[in-house]
Structures are given as C-alpha cells and as structure tokens.
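Participant: The residues making up each chain are set out below.
Number of protein chains: 2
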Amino acid sequence: MNVQAEWIAVDWGTSRLRAFAMAGDRVLANATSEQGMSKLNKAEFEPALLALTRDWLVGGTTDVIACGMVGARQGWVEAPYRAVPTPALAEKIIPVPDTDAQLRVHVVPGLKQVKPADVMRGEETQVAGFLSRHPNWDGVLCLPGTHTKWVHVSADEVVSFRTFMTGELFALLSEQSVLQHSVGDGWDDAAFRAGLDLSLSRPQTLAAELFAIRASDLLEATPAALARARLSGLLIGAELAASRPYWLGQQITVIGETALSNLYAEALKAQGCFTSVADCQDMTLAGLIAARNLLGN
Amino acid sequence: MNVQAEWIAVDWGTSRLRAFAMAGDRVLANATSEQGMSKLNKAEFEPALLALTRDWLVGGTTDVIACGMVGARQGWVEAPYRAVPTPALAEKIIPVPDTDAQLRVHVVPGLKQVKPADVMRGEETQVAGFLSRHPNWDGVLCLPGTHTKWVHVSADEVVSFRTFMTGELFALLSEQSVLQHSVGDGWDDAAFRAGLDLSLSRPQTLAAELFAIRASDLLEATPAALARARLSGLLIGAELAASRPYWLGQQITVIGETALSNLYAEALKAQGCFTSVADCQDMTLAGLIAARNLLGN
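These protein sequence lines map, in sequence, to chains L and P. Under the numbering used here, the residues of the first sequence are numbered 188 to 484, in order. Under the numbering used here, the residues of the second sequence are numbered 188 to 484, in order.
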C-alpha cells in the first residue's frame, strides 16, 4: 500500500526514533528504528529520518514535527528549555536549519524549572496532548518511566514539575547491583504492596530495606519474582512519599506504559486520590498534532 | 630478605586477596593480588593463595586464618553464618578440607540476623579485632564501604546489625546513571554538608534530589566536584536518617578507609555523638590474630 504523508510526526528519544505518517489527525503508518539521539552526531539525524520516512514523501516539502531528546544540546538542533510557569507548547517551535528540501523539520522545546532545578524534554508534548483532549483540565499529571515526572497543571499552564529517577534506579539495582543475584522475572502483588506501604509510610527506611532483599534471599531463598516486586514497591513508595505535595488531595492522570501506569494508579487510589490513566503514545501523538496546529498551515 | 611466616593472616574479599606473613602478633610482610572470590572456582583458591605466600613457607604445615567472602557458598569452603546475638568470633572456626600439606586453612564464619534479615562476612572479624583492643566496650560500630554495616555491641556480643548499600549506590549513580554526565572528580565540603543535612532532616526528599543534581548542571553548569560531594552527602544523609536508632545517643567508632571514615565521623559529631575512628585494615588484622588465638596452639 502506498502511503502519502501530509505531514510526519516524530518522537525522537535518547535510544529510539519513532515516526508517524499523518493525514490531518489520522495516523496512516508508523515506523521505528534504534537510531536514538545518543547514537547520532548532528550530520546523522537527517539521513536517519529520511531512511525511515522516504517512502511516505510525495514530492515537494513535507512538514515534520519532532519532540524529545532530538532537541537537546547534543541533538539535531538545540531547542532551548522554556521556563515554567508556561503553556506546555510554545507558540513558536524551533525550525531545524539547512535540511534537505524534502523535509521542513520543527522541534518542540522542553521545559525547565529554576527552583527546584528540573528539566523535561518530550514529556511536555504528552502534557500538551493530554490538555488538547481535556481543555480546562486542572490537576496533576504523573508520567512514570526511566525518569518519572510529576506535573502540576492549572489554567492551561504547567505550573511546576519534579523528576524522580525511580525507573533508572530500579534498572541499576535489579541488573547491576548485588541485588541482581536475587531479583528475577515475574511479579508478586502482595510483595509490591508491602514494599510500597513500608517506604511510603516510613521513607527513611528505604536505604536499609534494599540490602534486606539480598539478605532475605541468602537466608530464606526468596522467590525472584517476589524480590523484584518488593524492590519496585520500595522505590515507588519512596517516590510517592517525596511527591506527596503533588498528589495529596489532587485529581491525577497517569500517562505511561499500561502496566507501569496501573501500578501507580492503584497505589494512588489506595491513598484516596481520584486517578485515571492515559496511554503515553496516544498523548505524544496528540501533542505533536497540537504542535502542528500551532505551526499554522 | 627471607621472610619465614609462623602463620599467615588472610583477608579474602569479593575482588581482592590480601595475605600477611605473621610472627605472633607482628606483621613480617604482606602481599596482595586481584584473585578475589568472585574470580575463582573452588579448585583455584589454593593455587591463588600459594602463589602469593610460597616464599614465606618454612616447611612443615603453616596455619592460615582467613576471613571474608572466601567463606561464602561460592567461596573455598562455606562457613555458615552464625546468628546474632553472639560473640563476633566463633570458638570453632571452619577448617578447609583437603588442602595441600603445606597449608592448614581455617575460615572465620560470617554473621546473620533473622529479623530484619541481614548478613555480614568479613566485618565480624573487624568487630572482633576492635573488641580485642577494647575489652568490655559497649556501643555502636559503623563500618562504611560498599555495603556499610551498623553494629550494636554489648557485653562482648554483637547484639544486632543493619546493612546499607550506600557505597554501591554512590558508585552506580555516579558512574552508570544519567548523573555520570554531571559528577566528576574532586570534592566540596559545603556541598557535602548541604546534601547531608537535607536528606538527614527530610529523608523522603532523596528520590527527588537525585535528578536535581543533573538538572542543576544542565541549567547552571554545576562544577563536577560539587555534584560529587552533594550526591555523597544526600546518600550518607539518607543512611544516617535510617540508622538513627543505631547511633542516637550512642558511643560510636567508625572503622573504615580514612577519608570515608572521617566523613561519617564528622557527620555523627555534628549530631552530638561521641565518635572516634579506627583503621579497617588494622582491625581486620587484630581480628585474625584474635581468631588464631582462639584456635589454640
């Protein structure tokens, strides 16, 4: 089937490039490669994008709207952070200079916060996508992942946000620390909940509870699935203890991969929050569509 | 110079083997190799030890007293954990069967605690060494390192202990996480103290403060030494918050590498603890000497 893109939406992260052939708000096709920002120098971005999208081009110049680490200093073009409070999307998004005549590329800038110091790149597009689907929404968005973001939204602006390295800590501890010998595949809901409750109610114990996962295994041969779920619970519990000023008494939407979003949503519901979930890829696309509409055609 | 060992003391850890030629309580010579427990299968321990000590052997059978991971299940001989409360040293230490006639090897067993689950191997020998030098000492020993141990000692017994992965977390975060781009060499006392005070007084903020190190650097180009010291302060502060039941109002001795011990000691003094320090290698040797005296000759 011959796909002819009216424009192209691009989610370009540290480790992956994902492109969507679009007609208005509709996705015609998508393609993914491992050509993430971290693997490319400045001259390699355009060939990487053309390799993935060439079959969609119809002649003339095709607009491309991209978000994510492609706009970092080490990316294709630096799209400087915009300071909060601010709308999630800028009125002007950043054009990439000197591209091939086939593509006219624009990059969505990330957001920064001066105090406490914080930054995001990519998540602002998901926030914009969510707000384009839910006009006048006030509340808190939680975007769990490698670096989980908590984002306070009010009056169509990002008021403040805070980042937690929970996903990266989980990966480091479960794959590279002494806990790798005890943590394996699988899951155990009760162990997750026990870990979560413990570090949410007594966050200062986290530092001691990590090695206890290894020691329990040495002394009692803990199942690997149970160790995995407990570690996840302890880390997410510590994050919830630290992010309490964000979620306490708030309306929350969790935007992420389904399984992880559900873990956060269940934990927040147990704390009495009114919580819903949304798919992160849907929100990224909605945000890129909103950015294209701002571009004005 | 020809060294003739009356006996040999061995500190055999995960990544390193260190041997001492001894005459009574005196060190005649020492030697180190990278043949740690993790690199050896069962048949390779004896050749590794002989390679390091052969020149010290005087004919007949030489006694060897070893401590550390050499006694783990994956080590030379499993020296089963002894449950606390118990003296730091067992009356019987574990002989290695079927060694070469030149060596008669004994391994000091580690300690375990059922609840909260915890284990140690090697540190019990440092504790025993400290107590051999300070009879009737009651208080708390802090042994900082990759896995920091807090040990409550009373009436010549280890009453309880708790392990913190602070050193391993620091290494993972500073070398393998996104913080590696911001953390470099050097040190900054004020940044250490600020991080320490923050997570000691508000331990729940640790999870949020880690990414802030990266964000501060992106926004304000933080010096790498300052980022390093702040990360260390945040992690040690979180450990001190969690170990408060151990140190509050106690007499403390910190046993470790000098620079690291001094960091802990200063932090504890600032909390009003009566704190002193002792060298970890001295204490290991003193403990191995005490173990040999128990062996009875």
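Warning: the hint list may mix true and false statements.
The list cannot tell twin chains apart, which means a pair is met if one copy fits it or any two copies do.
What the hints assert, rightly or not - Under the rule of at most 25 Å between Cα atoms (straight-line distance), these lysine to any residue pairs were calculated in the SDA-like manner:
#1 229 x 211
#2 299 x 361
#3 229 x 346
#4 299 x 404
#5 299 x 465
#6 299 x 231
#7 226 x 239
#8 302 x 320
#9 229 x 455
#10 226 x 362
#11 229 x 357
Derived from the structure by calculation, the hints contain no laboratory data.
Participant: If a hint holds in the structure, say so; if it does not, say that too.
Facilitator: Now for the hints, and whether the structure bears them out:
{"no.": "1", "hint": "229 x 211", "verdict": "neither (29 Å within a copy, 67 Å between copies)"}
{"no.": "2", "hint": "299 x 361", "verdict": "between (30 Å within a copy, 23 Å between copies)"}
{"no.": "3", "hint": "229 x 346", "verdict": "neither (33 Å within a copy, 60 Å between copies)"}
{"no.": "4", "hint": "299 x 404", "verdict": "between (42 Å within a copy, 12 Å between copies)"}
{"no.": "5", "hint": "299 x 465", "verdict": "within (24 Å within a copy, 46 Å between copies)"}
{"no.": "6", "hint": "299 x 231", "verdict": "neither (27 Å within a copy, 55 Å between copies)"}
{"no.": "7", "hint": "226 x 239", "verdict": "within (16 Å within a copy, 45 Å between copies)"}
{"no.": "8", "hint": "302 x 320", "verdict": "neither (29 Å within a copy, 51 Å between copies)"}
{"no.": "9", "hint": "229 x 455", "verdict": "neither (42 Å within a copy, 50 Å between copies)"}
{"no.": "10", "hint": "226 x 362", "verdict": "both (22 Å within a copy, 19 Å between copies)"}
{"no.": "11", "hint": "229 x 357", "verdict": "neither (31 Å within a copy, 33 Å between copies)"}
Checked against the numbered hints given earlier, this structure breaks hints 1, 3, 6, 8, 9 and 11; the rest are met.
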